[in-house]
Amino acid sequence: MRASVYKSPALKPRIADTFAEAFDMRAARVVITAHTPGWALTAARSMTGFATSVIGCKVEAGIEAELDPAETPDGRPGLSVLLFAFDAAGLGQRLVDRVGQSVLTCPTTACFDGLPDAAERVAVGGLLRHFGDRYQSSKFLDGQRYWRIPVMEGEFLVQESFGVQKAIGGGNLLILARDQAAALAAAEAASEAMRAVRGVILPFPGGVVRSGSKVGAKHYKNLIASTNDAYCPTLRGRADVESALPRDVNAVLEIVVDGLDRGAIEASLRAGIDAASLPGVVEISAGNYGGKLGKHHFHLHELAR
Amino acid sequence: MLRLTLQETPSVPLEADVLSPDMLAPLTIEAIRALPVYLGKRQRRLADFFAVGGEAGDEIEIHGDLARVKWIGRAMTRGVLRIYGDAGMHLASAMQGGTVDVFGNAGDWLGAEMSGGVIHVRGNAGGQVGAAYRGAPTGMRDGVILIDGAAGLEVGMRMKRGTIVVGGPVRDFAGLQMKGGTIVLGQGAELRTGAWMNRGTIISLQPIPLLPTFSYAATYNPTFLRLYARRLATLGCVLPYDERQGSYQRYTGDAAVPGRGEILVWRPNG
Numbered sequence: 074m075r076a077s078v079y080k081s082p083a084l085k086p087r088i089a090d091t092f093a094e095a096f097d098m099r100a101a102r103v104v105i106t107a108h109t110p111g112w113a114l115t116a117a118r119s120m121t122g123f124a125t126s127v128i129g130c131k132v133e134a135g136i137e138a139e140l141d142p143a144e145t146p147d148g149r150p151g152l153s154v155l156l157f158a159f160d161a162a163g164l165g166q167r168l169v170d171r172v173g174q175s176v177l178t179c180p181t182t183a184c185f186d187g188l189p190d191a192a193e194r195v196a197v198g199g200l201l202r203h204f205g206d207r208y209q210s211s212k213f214l215d216g217q218r219y220w221r222i223p224v225m226e227g228e229f230l231v232q233e234s235f236g237v238q239k240a241i242g243g244g245n246l247l248i249l250a251r252d253q254a255a256a257l258a259a260a261e262a263a264s265e266a267m268r269a270v271r272g273v274i275l276p277f278p279g280g281v282v283r284s285g286s287k288v289g290a291k292h293y294k295n296l297i298a299s300t301n302d303a304y305c306p307t308l309r310g311r312a313d314v315e316s317a318l319p320r321d322v323n324a325v326l327e328i329v330v331d332g333l334d335r336g337a338i339e340a341s342l343r344a345g346i347d348a349a350s351l352p353g354v355v356e357i358s359a360g361n362y363g364g365k366l367g368k369h370h371f372h373l374h375e376l377a378r
Numbered sequence: 096m097l098r099l100t101l102q103e104t105p106s107v108p109l110e111a112d113v114l115s116p117d118m119l120a121p122l123t124i125e126a127i128r129a130l131p132v133y134l135g136k137r138q139r140r141l142a143d144f145f146a147v148g149g150e151a152g153d154e155i156e157i158h159g160d161l162a163r164v165k166w167i168g169r170a171m172t173r174g175v176l177r178i179y180g181d182a183g184m185h186l187a188s189a190m191q192g193g194t195v196d197v198f199g200n201a202g203d204w205l206g207a208e209m210s211g212g213v214i215h216v217r218g219n220a221g222g223q224v225g226a227a228y229r230g231a232p233t234g235m236r237d238g239v240i241l242i243d244g245a246a247g248l249e250v251g252m253r254m255k256r257g258t259i260v261v262g263g264p265v266r267d268f269a270g271l272q273m274k275g276g277t278i279v280l281g282q283g284a285e286l287r288t289g290a291w292m293n294r295g296t297i298i299s300l301q302p303i304p305l306l307p308t309f310s311y312a313a314t315y316n317p318t319f320l321r322l323y324a325r326r327l328a329t330l331g332c333v334l335p336y337d338e339r340q341g342s343y344q345r346y347t348g349d350a351a352v353p354g355r356g357e358i359l360v361w362r363p364n365g
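Here the protein sequences line up with chains A and B, keeping their order. The first sequence finishes on residue 378 if you use this note's numbering, and the numbering steps up by one all the way, no holes. The second sequence finishes on residue 365 if you use this note's numbering, and the numbering steps up by one all the way, no holes.
Errors might be hidden in some of the hints.
[What the hints assert, rightly or not] Just a sample of chain A residues kept apart from chain B, beta carbon distances all over 12 Å, derived:
no., residue
1, R207
2, L214
3, Y293
[To be verified] Derived DEER-like restraints, expressed as beta-carbon distance ranges:
no., chain 1, residue 1, chain 2, residue 2, range
4, A, H108, B, V107, 57 to 63 Å
5, B, A313, A, E375, 57 to 63 Å
6, A, H372, B, A313, 57 to 63 Å
7, B, E125, A, R271, 51 to 57 Å
8, A, V224, B, R173, 37 to 43 Å
9, A, T178, B, Y179, 29 to 35 Å
10, B, Q340, A, T178, 27 to 33 Å
11, A, H372, B, R339, 52 to 58 Å
12, A, D141, B, P335, 18 to 24 Å
13, B, R217, A, P189, 20 to 26 Å
14, B, P363, A, R271, 38 to 44 Å
15, A, T109, B, P363, 21 to 27 Å
Treat the hints as calculated values from the structure; they're not laboratory data. Just so it is clear, CB atoms sit at the ideal spot from N, CA and C, and this is done for glycine as well.
Extracted from the complex, chain A is given alone in its bound form:
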């Protein structure tokens, strides 16, 4: 665990007696390899772009880890990417879209299933193969089919189907700080520590989100989500806002974490709480809906114990 910069425990930020509320999701793991680590990263970044929230993007995605050649199916450098959606069918469609537009198109890449033991499968290469216009061919090795799609630079190799497993989305931390600079420093440190845990992704830009949301809206009835006014410092004091912020808090940043299982999210949140305990941070809290929407509750006091 990361050593705290605080000399006295009394100066540590408060850990709110609350919990992060998270939801059931479905996840897939995609292993992207390429001739160089740089091209694998290029494909992975493209594939995980505009995938911050299922609300607006239909999928949440991020880079899970860099992989050594020894860890990849074809022995080339690669990365693993996690994608989360509410159901397997939707996730399958997003996989086809994103592998097709961001990986197939990227020079030298190949694309493999990173959840080979998952019983639930969705077709990816089995659909993308049609791009080959019947010039494609397949190889069947160790019970898995791989499609070889001819492209101008050679061949794109993609596995026929990808595993989908139950997962958890929406774990979160709220970092309440005296000012924007302190909030940003703490959030950067937390996101770096949380990302290091295998089995999780932080889907928002840089792992950090400033526009935390509440369910629905007070004034626009058709919105499914709107700004989390209780945590907006500029709204403190308004008669129609019940602020959740202490007086000395002037900036709040949130970190959202999706994980393949509860243990991975717990490890990530724990690392985040520890790393975010920096000067200027007043309190570390979490977002929830009173326990009514998600069945996975991560109590901060238990994590920080």
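Chain A is already provided as a structure; the job is to place chain B on it using the hints.
Chain B alone, transformed into the frame defined by chain A:
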């Protein structure tokens, strides 16, 4: 482990498809000795030819010159069969799983129409390895056959899936009417390789004579070969794939069918 030793080389071929883990594992030694084998058209007891010892189980060792013993390991689904000596025709034909290790040579129709498992022959093999029987539409459907030495005619004939690796030279018509799968020729092959092949991959690590119905396509390093190289490395086989060592010339054919098969010929750098 069950141990069988051939006592007497049969004067005519002996058909012994009972010699498989599926058949022998659940039986007592006495029941195993009484199993039927066929010497020509005559039914005999297994004990008339083999000394049987050890304990019945999924691991079987057979010792002796079994070049005239046919159908060993037929349709086996599990276990390990080790043969210390030569094995006769149809070894592990229609095999579905398990492992067969031959510390000697194997006859014709090795692994014919198999659909799973691994066969490793340390010596040479005959013809029609992994092939379809005469009149049958499809040969080998999955699994791996490794032959350290040479092999005969029509290796992989009408095979659909699976992998055959031959370390030594191969005779005519390798991959005849191939429908899929992969054949690796460590020292090339004689004539008419890939004749009438529809699909599938023949990889030759040595230059080979090609039919005029195969056309040159490109020189490259296919990514999928890296998967095969990694898989075959676990079985002790080396398949080159690294562009720093060389590349493959891809030929497509057989246009006489017309087919969508490919022959990849390794060209080392320099």
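Hint-by-hint comparison with the structure:
no.: 1; hint: R207; in the structure: 9 Å, violated
no.: 2; hint: L214; in the structure: 6 Å, violated
no.: 3; hint: Y293; in the structure: 50 Å, holds
no.: 4; hint: H108(A) x V107(B): 57 to 63 Å; in the structure: 59 Å, holds
no.: 5; hint: A313(B) x E375(A): 57 to 63 Å; in the structure: 59 Å, holds
no.: 6; hint: H372(A) x A313(B): 57 to 63 Å; in the structure: 59 Å, holds
no.: 7; hint: E125(B) x R271(A): 51 to 57 Å; in the structure: 55 Å, holds
no.: 8; hint: V224(A) x R173(B): 37 to 43 Å; in the structure: 41 Å, holds
no.: 9; hint: T178(A) x Y179(B): 29 to 35 Å; in the structure: 55 Å, violated
no.: 10; hint: Q340(B) x T178(A): 27 to 33 Å; in the structure: 29 Å, holds
no.: 11; hint: H372(A) x R339(B): 52 to 58 Å; in the structure: 54 Å, holds
no.: 12; hint: D141(A) x P335(B): 18 to 24 Å; in the structure: 21 Å, holds
no.: 13; hint: R217(B) x P189(A): 20 to 26 Å; in the structure: 32 Å, violated
no.: 14; hint: P363(B) x R271(A): 38 to 44 Å; in the structure: 39 Å, holds
no.: 15; hint: T109(A) x P363(B): 21 to 27 Å; in the structure: 23 Å, holds
The structure fails hints 1, 2, 9 and 13 (numbered hints given earlier, in ascending order).
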